[in-house]
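Asks: Top to bottom, those sequences are chains A and B.
In this text, residue positions in the first sequence follow my numbering: the first is 1, and each later residue adds one.
In this text, residue positions in the second sequence follow my numbering: the first is 1, and each later residue adds one.
Calculated from the structure, these hints are not laboratory results.
A portion of the hints provided could be inaccurate.
The calculated SDA-like cross-link candidates involving lysine to any residue, where the alpha carbons are at most 20 Å apart (straight line), are [as the list claims (entries may be wrong)]:
1) A:Lys-204 <-> A:Ser-225
2) B:Lys-25 <-> A:Tyr-260
3) A:Lys-264 <-> B:Pro-288
4) B:Lys-182 <-> B:Leu-93
5) B:Lys-43 <-> A:Asp-132
6) A:Lys-116 <-> B:Lys-182
7) B:Lys-25 <-> B:Glu-44
8) A:Lys-289 <-> A:Lys-204
9) B:Lys-7 <-> B:Tyr-47
10) A:Lys-108 <-> A:Asp-132
11) B:Lys-264 <-> A:Lys-141
12) B:Lys-234 <-> A:Lys-33
13) A:Lys-234 <-> B:Lys-7
14) A:Lys-319 <-> A:Ala-111
15) B:Lys-289 <-> A:Ala-259
16) B:Lys-289 <-> A:Asn-265
17) A:Lys-264 <-> B:Tyr-47
18) A:Lys-289 <-> B:Glu-336
19) A:Lys-62 <-> A:Asn-115
20) B:Lys-289 <-> A:Ile-333
21) A:Lys-108 <-> A:Lys-141
22) A:Lys-136 <-> B:Leu-45
23) B:Lys-289 <-> B:Asn-318
24) B:Lys-25 <-> A:Lys-234
25) A:Lys-136 <-> B:Leu-39
Predicted model, so just to flag it, every value in this text is computed and none were measured.
Protein chains: 2
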Amino acid sequence: MKETTLKEIAATLGISITTVSKALKNYPDVSVKTKNAVLALAKELHYTPNSFAVNLRTKESKTIGLIIPEVVHHFFSGVINGIIAEAEKNGYLVIILQSNESLELEKKQVALLLNKRVDGIIMALSNESNDDFHIKEIVAKGIPFVQFDKISKLIKSSKVLINDQKAAMNAVQHLIDVGCKKIAHIRGPENPQNAIDRFLGYKKTLEKNGLVYDSKLVYTCKRVSFEEGFEFAKAILDNHEDVDGIFAITDLVAVGVLAYFNEKNIPVPKQVAVIGFSNWFMSQVITPKLSTIDQPNYEMGVEAISLLLEEMKCNKENKVFIPRLVELETKLIVRESTMRNN
Amino acid sequence: MKETTLKEIAATLGISITTVSKALKNYPDVSVKTKNAVLALAKELHYTPNSFAVNLRTKESKTIGLIIPEVVHHFFSGVINGIIAEAEKNGYLVIILQSNESLELEKKQVALLLNKRVDGIIMALSNESNDDFHIKEIVAKGIPFVQFDKISKLIKSSKVLINDQKAAMNAVQHLIDVGCKKIAHIRGPENPQNAIDRFLGYKKTLEKNGLVYDSKLVYTCKRVSFEEGFEFAKAILDNHEDVDGIFAITDLVAVGVLAYFNEKNIPVPKQVAVIGFSNWFMSQVITPKLSTIDQPNYEMGVEAISLLLEEMKCNKENKVFIPRLVELETKLIVRESTMRNN
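Based on the provided sequences and hints, a complete structural model is requested.
Replies: Written as structure tokens, this is what we have:
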């Protein structure tokens, strides 16, 4: 790739590099004639002023790195939009990297962002991330860093979260309130803290209401997919025909459950009430409409980048920044899939 | 941000930079003792081997830039996954930038990628992109470049497309084949070539079948949203009660149409048959299930990066690369929303 430099322009016009640089920056002490000659040649040679290079004085690249498990996910898409909107307002561009839930890829991406000299990093861990050495590196290098959604508790950084356990308790309590006596849970993988917390919320709520917790009623997703919801719905009814409520780790899985029930003409919510998590767009357009927990994903993005910008500002002014934990409120959304009148 | 350099390590250990560099690369002519000392200090100082820096010999950064209008979009998510999977296999990381359908942001992102010295760029234009000077810059600088989906016809680069006009003709012909006599079209914005082509496919198919084309039956989306589908469905029935078929620019809009019809108990497909475009995931889980045109989005991503890698390879070997146009096949998917027996 051919890259035009100030040096080439200077050489071609037989003037000093300083003069070329001054001309491009429109300094008063360069003649209009010279300025025009420089600008004309720069355009002709497709010279890109290095506006995004690390500014040697401020050490800023005006770019922020964002690493997320998957962009296709409704929840993450909302977060991305919140982050980009706020970054834009503050003159930063956002570089997005998708880890595909792979720890190995995630590590490479952290190394890339550190190398590309981004001014800050926002990250949600992949489901595989149990080792966090690569994340410690970010903090050790003093790069402003914010974790959201799927985080490493041990890392000292700002964090933007919802209270997954509390939200799951609201979801399961709602199932109990509409009369469910035997509730199954389709949970997420073992590692992610949010899957663990939603499971604990489920377990605690059963016990709080004097319902027996039965580990056989807990089904664990590997990929957290529509297909798993469909298969587990069949497994649940085949093995526990008296299950009358299902709490799924996320709406996509719950939609898989509803698809199976619709196919088998199992009445929802009459025979089995179903509730999901995250309030995906499709949940309000399917039949029956899915009850769920609404997560403020756009706001989560805005909070995350606001914390990052604040830390970046403190660093620039050599002020100490104390990492903060921001917890956003979730909301129970009651729709047809749990509307039973007892 | 503090960045440890080979120089620091060399100074601390009182050895030459060359020795440090050789030690890190595990050259045989450096003693084990020195190697261990270097590695230990490098780890202690959180030294990141500059594996992602532009390699001065090969001039490669092992990164590829991807600019897309919005990651939340079902279609683009599929493309992203195809691109990342293939990039991974070939040892490249993908930097994703979301233009939010904004030309201004898109221009900044192109400048950023050129500045970050990515090895190649894959891009789908934003709906606002009518001026393509920033894209000409990519080609002028000799950066391997592939356009997909929403492209600029005038730019000399490889392109991965579907035949939008032909696909739209299949969709509208299907509506006619199931007995529709008065078909409305909810189209996309004015600029994007694919919106124009799908509209032309609609118009030509009506004429081919001896049906009158009426511009009053064409409704134009600004944001291509669920809400617009809902509103236009109402407008269509309020102003043209005898419309018996609707072809929507994309499934999201068609789902908005179905939501309005479900709310008003308008029988679909009996009174109005509805077909979308792109085969979004939700289309197979809503009621009635939506007929649509399937686009091979994952394959589109794989094709795009394969062309890019080929161009990058030619550049490295100083061979001439002739840009190619790859057209992928689409498929009509017939579901409940158009299943009428005449």
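Asks: Would you mind marking each hint as holding or not holding in the structure?
Replies: Comparing the hints with the structure gives:
1. A:Lys-204 <-> A:Ser-225: violated (25 Å)
2. B:Lys-25 <-> A:Tyr-260: violated (56 Å)
3. A:Lys-264 <-> B:Pro-288: Holds, at roughly 16 Å.
4. B:Lys-182 <-> B:Leu-93: violated (49 Å)
5. B:Lys-43 <-> A:Asp-132: holds (15 Å)
6. A:Lys-116 <-> B:Lys-182: violated (56 Å)
7. B:Lys-25 <-> B:Glu-44: holds (18 Å)
8. A:Lys-289 <-> A:Lys-204: Measuring from Cα to Cα gives roughly 27 Å; hence the hint is violated.
9. B:Lys-7 <-> B:Tyr-47: holds (11 Å)
10. A:Lys-108 <-> A:Asp-132: holds (13 Å)
11. B:Lys-264 <-> A:Lys-141: At roughly 59 Å apart (the allowed maximum being 20 Å), Lys-141 (chain A) and Lys-264 (chain B) break the hint.
12. B:Lys-234 <-> A:Lys-33: violated (62 Å)
13. A:Lys-234 <-> B:Lys-7: violated (63 Å)
14. A:Lys-319 <-> A:Ala-111: Violated, at about 26 Å.
15. B:Lys-289 <-> A:Ala-259: It holds: about 11 Å lies between the C-alpha atoms, which stays within 20 Å.
16. B:Lys-289 <-> A:Asn-265: Roughly 16 Å between the alpha carbons, so the hint for Lys-289 (chain B) and Asn-265 (chain A) holds.
17. A:Lys-264 <-> B:Tyr-47: Not satisfied, since the Cα-Cα distance of roughly 59 Å exceeds 20 Å.
18. A:Lys-289 <-> B:Glu-336: holds (19 Å)
19. A:Lys-62 <-> A:Asn-115: Roughly 14 Å between the alpha carbons, so the hint for Lys-62 (chain A) and Asn-115 (chain A) holds.
20. B:Lys-289 <-> A:Ile-333: Roughly 24 Å separates the two Cα atoms, so the pair is violated.
21. A:Lys-108 <-> A:Lys-141: holds (16 Å)
22. A:Lys-136 <-> B:Leu-45: Holds, because 13 Å separates the two Cα atoms, which is no more than 20 Å.
23. B:Lys-289 <-> B:Asn-318: Distance ~52 Å between Lys-289 (chain B) and Asn-318 (chain B) Cα, so the pair is violated.
24. B:Lys-25 <-> A:Lys-234: violated (55 Å)
25. A:Lys-136 <-> B:Leu-39: Roughly 18 Å separates the two Cα atoms, so the pair holds.
The structure fails hints 1, 2, 4, 6, 8, 11, 12, 13, 14, 17, 20, 23 and 24 (numbered hints given earlier, in ascending order).
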